[in-house]
Amino acid sequence: MEIRRGIAVCPGIAIGPALVLDNEGVWIKTKSVASNMIEAEVGRLSTAVFEARTHAEDKQKDIAAKFGRDIGAIFEAKGGFFEDRKLINGIITLIRADSYSAEYAVSRHVREILKKLDSAANLPQAARMRGDYIDFERELLLILNGQEREPLNKSSTDPVVVLANDLTPNETAEFDADVVLGLATETGGATSHTAILANALDLPAVVGVGRFLTEVSGGDIVIIDGNTGLVILDPDEPTLARYKKLRAAQLTPSGEHLVFSRHARAETKDGVHVALLGNIEFPSEVKQCIDKGAEGVGLYRTEFLYVQKSSDPTEEEHYEAYKRVLQEMGEDRPVVIRTLDLGGDKYHPASMGPTHEKNPFLGLRSIRLCLRNLPLFKTQLRAILRASVYGQARIMFPMISTILELRQCLSYLREVQEDLDEAKIPYKPNIPLGTMIEVPSAALMSDKLATLVNFFSIGTNDLVQYTLAADRNNENVADLYSAADPSVLRLMEMVARAGHVAGIDVNVCGEMSGEPLYTPLLIGLGVRQLSATPRKIPEIKRVVRALTVNECKSVARECLQMETASEVSRYLRDNLRRIMPDTVD
Amino acid sequence: MGHEPYGLHMRPAAELAKCARQWSGTITLRHGELTADGTSPSELMMLMVMPGSELILEADGPEAEHWLDLFEKILSQPNAA
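Line order of the protein sequences matches chains F and C. Mind the numbering: the first sequence is residues 1 to 585 in my numbering, read in order. Mind the numbering: the second sequence is residues 1001 to 1081 in my numbering, read in order.
Watch out, some of these pointers could steer you wrong.
The following residues of chain C were derived to be distant from chain F, with all beta-carbon distances above 12 angstroms [as the list claims (entries may be wrong)]:
1. 1042
2. 1057
3. 1060
4. 1063
5. 1064
6. 1068
7. 1072
Now the stretches of chain C that chain F is said to cover, found in silico as 3 or more residues with beta-carbon under 8 angstroms [as the list claims (entries may be wrong)]:
8. 1014–1028
9. 1045–1054
By construction, these hints were calculated from the structure, which means they are not laboratory data. Ideal Cβ positions, reconstructed from N, Cα and C, are used throughout, including at glycine.
The whole structure should be built from the sequences, with the hints applied where relevant.
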């Protein structure tokens, strides 16, 4: 048994066999085979080794012909492993001794070697050797995965716990909720994309565990404790039993509140309504929004249409997705559709190819990318407008940093409307338009921006990152990244005031709005709309119902005068503990 | 015999193993407690030879002297690192 600690990003307990997903997306699906199939597995391995050797030789000849013998020799060296009888025999021994599948034996053997290498940290060639062994493993796994396998046992489709160094949105989008029980990654922070996705899919998840994949092979039993941030590899019986009990009881305490608050109105003790909306990624999450009592969708991220695609989605694909969400939410619930927020750490449109910017977060991302790629942008706007007849659509532009950008967006939207008019295609007139405030420049200019739109939505994740100039996923500066920083609160106050003066709604989306700690502060700043992961809504509603606006205003006043993020956090924690003793741990 | 190679990695290991496989004798390399079969690149790499550390080559078979020379040459190439 091995216990590792990481950052808990989505609560819950997952127990199941590990699916180790390496960076190249090679999966090991089956750990062991029936005893009468052992020699067949040895045969599969030998065939794969032979194929890999042939492949390496071909590649070496090809490279040598193109680039000369010196370069070719490097590839010849890589092929050396496939002629290494000792290495291959080590793998065969594992298959015979433990009835391992060929894939599992390869992975297991390589991982043992990597572990030895990791303990020789001062060996100058260790990193290169590590890469050579990983290449060897991957090459064999790719070949083995490509081979036809007899349906030896049903375990290959059993639910699994996914372990990876990091997960790309691509990989996560392929997850089937019936097959994936939970996630754990070596890298990543509390606001990393993996964390957001885990929440969207409501999967127990732990990130930032540090290097642990060499300790585990596909098929090993793993426990992910998304409540405390523990990842337990190969648990012993008592631990397993304890966690099974915990898993069975895991619906409390928020589960209890759910019943109480689903139909209760989200209003303060003094009767002020605070609209609670859901953030979604997939049309299928609409159901969860409704189940958790959301009054609408406050942030519909549309980038998922770009995942798993070698070409950009068509207007029809956009349209079908939006139509489905709007229809399911119905006439009474607004749906804020955010236009494409591609780039940065997220997907790139196929039509533009990969970018190689040195500093992608300060580069061509989000609305900037859309304004440079009008066919992409207009296709989406057209689809939203066409779908608007099915419900209460709202359009929101992300990452606006200047007035000019917002004006451009509005004028392109008008152009698309005119095109539709000409083609006599119906759409709803007067769709409410909004802009996200997630760049400090936009917060500072919010009084001017307010004259152009019907609502603001403060995207706290990016606003924090850009205000404090700290990458939310960089462990070295993660301590600077805090939504409680007074600088961030001052900008938010400015935006809330500008919205109030102009008479437009101010919403907050991002992790902050799903965190009960901040609920009193946000209401005190004048925010009357919070958009969070649907799962968080019942808890936030319970907090809202325990507050009065006057109390909240004094909380906000206090915080705005503070000097540091930790001072604010401490104060907010004490405050919440006083109001709701059972919410703060 | 004593020898001071650069850190031993894939390329010289593969080259040495290829050479060793052509010989009917056996070559064993020792590095401290660890030993490696000269025909196995993986075992050679896992000797975890640091630059400047001492490596012992043992050859047993026909024309052992000649083959030892050859092995040593491979290990002393400047691009062995």
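Against the structure, the hints come out as follows:
| no. | hint | result |
| --- | --- | --- |
| 1 | 1042 | 4 angstroms, violated |
| 2 | 1057 | 17 angstroms, holds |
| 3 | 1060 | 17 angstroms, holds |
| 4 | 1063 | 23 angstroms, holds |
| 5 | 1064 | 21 angstroms, holds |
| 6 | 1068 | 21 angstroms, holds |
| 7 | 1072 | 19 angstroms, holds |
| 8 | 1014–1028 | holds (count 5) |
| 9 | 1045–1054 | holds (count 5) |
In summary, the structure is inconsistent with hint 1 from the numbered list given earlier, while agreeing with all the others.
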